[in-house]
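Asker: We have chain A already, so just place chain Z on it with the hints.
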Amino acid sequence: MAGMDRADLLSLHRQMLLIRRFEEKSAEMYALAKIAGFLHLYIGEEAIAVGAVAALRPDDYVISAYRDHGHCLARGSDPGKVMAELFGKATGLCKGKGGSMHLVDLAHRFMGGYAIVGGHIPLATGLAFSIKYQGLDLVTVCFFGEGAMPSGQAHEAFNLAALWKLPVIFVCENNRYGMGTPVERAIALYADVAKTARSYGITAERVDGMDVLAVRSVMNKVVEQVRGGRGPWFIEAMTYRFMGHSMADPAHGHYRTKEEVEEHRKRDPLLLLKQTIVHHNLAVEADFKQLEREVSEIVAAAVRFADDSPFPTPSDLYADVLQE
Amino acid sequence: MVLSYREALNQAMREEMRRDPRICLIGEEVAYYQGAFKVSKGFVEEFGPQRVIDTPITEAGFTGLAIGAAMAGLHPIVELMTMNFGIVALDQIVNNAAKIRYMSGGQLSVPLVIRGPGSAAHQLGAQHSQSLEAWFCHVPGLKVITPATPHDAKGLLKSAIRDRNPVIFIEAQLLYGTKGEVREGEYTIPIGVAEVKRAGRDVTIVAYSKMLLLALEAADQLSREGIEAEVIDPRTLKPLDLQTIVTSVKKTGRLVIVEEGWRFCGLGAQIAESVYSTAFDYLDAPIRRVTGEDVPMPYSRPLEDAAIPDLPRVIGAVKSLL
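Residue numbers (numbering that gives the first Met the number 0), protein chains in the order written: chain A, 0 to 323; chain Z, 0 to 321.
Mixed in with the good hints there might be a few duds.
Short, incomplete list of chain A residues facing chain Z, as computed with Cβ under 10 Å [as the list claims (entries may be wrong)]:
hint	residue
1	Gly118
2	Gly125
3	Gln152
4	Phe287
Anything over 10 Å on all C-beta distances counts as not near chain Z; from chain A, calculated [said to hold, decoys possible]:
hint	residue
5	Val103
6	Glu223
7	Asp248
8	Thr256
Keep in mind that the hints were calculated from the coordinates and are not lab data. Just so it is clear, CB atoms sit at the ideal spot from N, CA and C, and this is done for glycine as well.
Okay, chain A solo, but in the shape it has when bound (with noise of 0.2 Å):
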């Protein structure tokens, strides 16, 4: 296939490895007690945001829910000071004050992570209101899940966007279960949800989100027809979360079977990506340890950062309520 080089595919895969031992470890560390509180793990999605943040500039907006971890690392974020922040300490992104949930980090454009369903989706399209009064050039990336479809606060984002046609691409994760329920139960439009987006003069389409190569390149184009200022754009990344909802919630029981989970997992975005490398050729087995190797030695130095961290002291606690 044409394109495909050797360097940028490893990349891509190595980002999306970073992400999926970073948030096996989480899970250890949630085990462990060492994290707390609601801890929403992104596997099986990695190649949504690997693939959407590598079209962007480090100066274009990310904003995301409440399963944010993925963005906030493709977006190039210090794996140690997100841990740090997992952990509570003071060295976290957010000086412990935001948590899993609520991942911030400026200096890399990551706006945050939001968790009432939908609520960051009209912060998506201020950002974007933001770019288009400024007369940048820039665009505003704003990811949730497909649970947040048919909240209000989505609908009024969206027509507000598609009204004053501003920079923002609203990227819908569907991973087919919001919590426990199943989109056919909670979705009037579900075998297509991007028929609301498209309701609105939103552009739509869908792409396969455990394909990252399929991902950047849909948001290429996207990105290129937004920062020219055409308006908004709508993907629905098709995609599985393999983990339960959170911590509390198993991977296979109640709401899905074992065997569902398992047919899923054969379509792994780092298998599919790593099947493609090998396929042209473009790696061995060997590189593939070397990334393991690599990737390890991140998450290991991010948990021993956060091991070794401060956690804030009561005298914090009434900083950064409001600003002097």
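Answerer: Here is chain Z on its own, set in the frame of chain A:
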């Protein structure tokens, strides 16, 4: 110069928008209709539709949009046609605007003013007559301002626009037409500073927004009977200038708090608690509250009158302490 409350607000926004191109006005009917209460009269003509932006009827959507815009460098002013509609946007105000700075460990700012009329006017019914300031005051991360006079409205709105935090700026429909002396030229009034509106020695009355006018009227009437009330307008409800209130209470030994909002968990309860815990030994009588009644606002005139503090109730409360 004498201005109406409405004109004072108009001047404040106009001066600030001339000063800083990052400031924009967003809301229902703010542009070509000139504002539902004509507060933004002439704005779209001067600043253009890029900065004076009519929205569809989607308070959650456009309030959220303004918050996002503030996170990315703008200083939006959101006009809510009435503060009642702020309930529709409450998720954005409480979960996003108020918390984004804290949750981000100080990385993000939300310099934003959300303004519009609160409290009852004349027979607007239960859904358009609410005094919701206590709700907003309850939320860490918000500032809440309730000016009563044109002079205060102008100076405080300019400060609100220059503030780096989300500010809830509550006006009142029945105040828009009221007139008062406004200082010539450029001035601001600091957020969080109360003002003694009338000096007195016998009793302190704390009242804000529309209720300030009622308290001053009551004070005039009491004066004719030889009772001198000191009337204090906090002007900013959060942060509250407790010091000015306590200084007065230490002098008078008596306190009446007048508020139009519902009694239960109302703002006066908080002010009373603050005064009790700071100046208990100076009180010669229990603190009295005159409040709105704990009912949805009825439409019928006599019932509406019964639900809102009036002159006899304020005077009665004062006399009960003497």
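Asker: Which numbered hints turn out to be false for this structure?
Answerer: 4, 5
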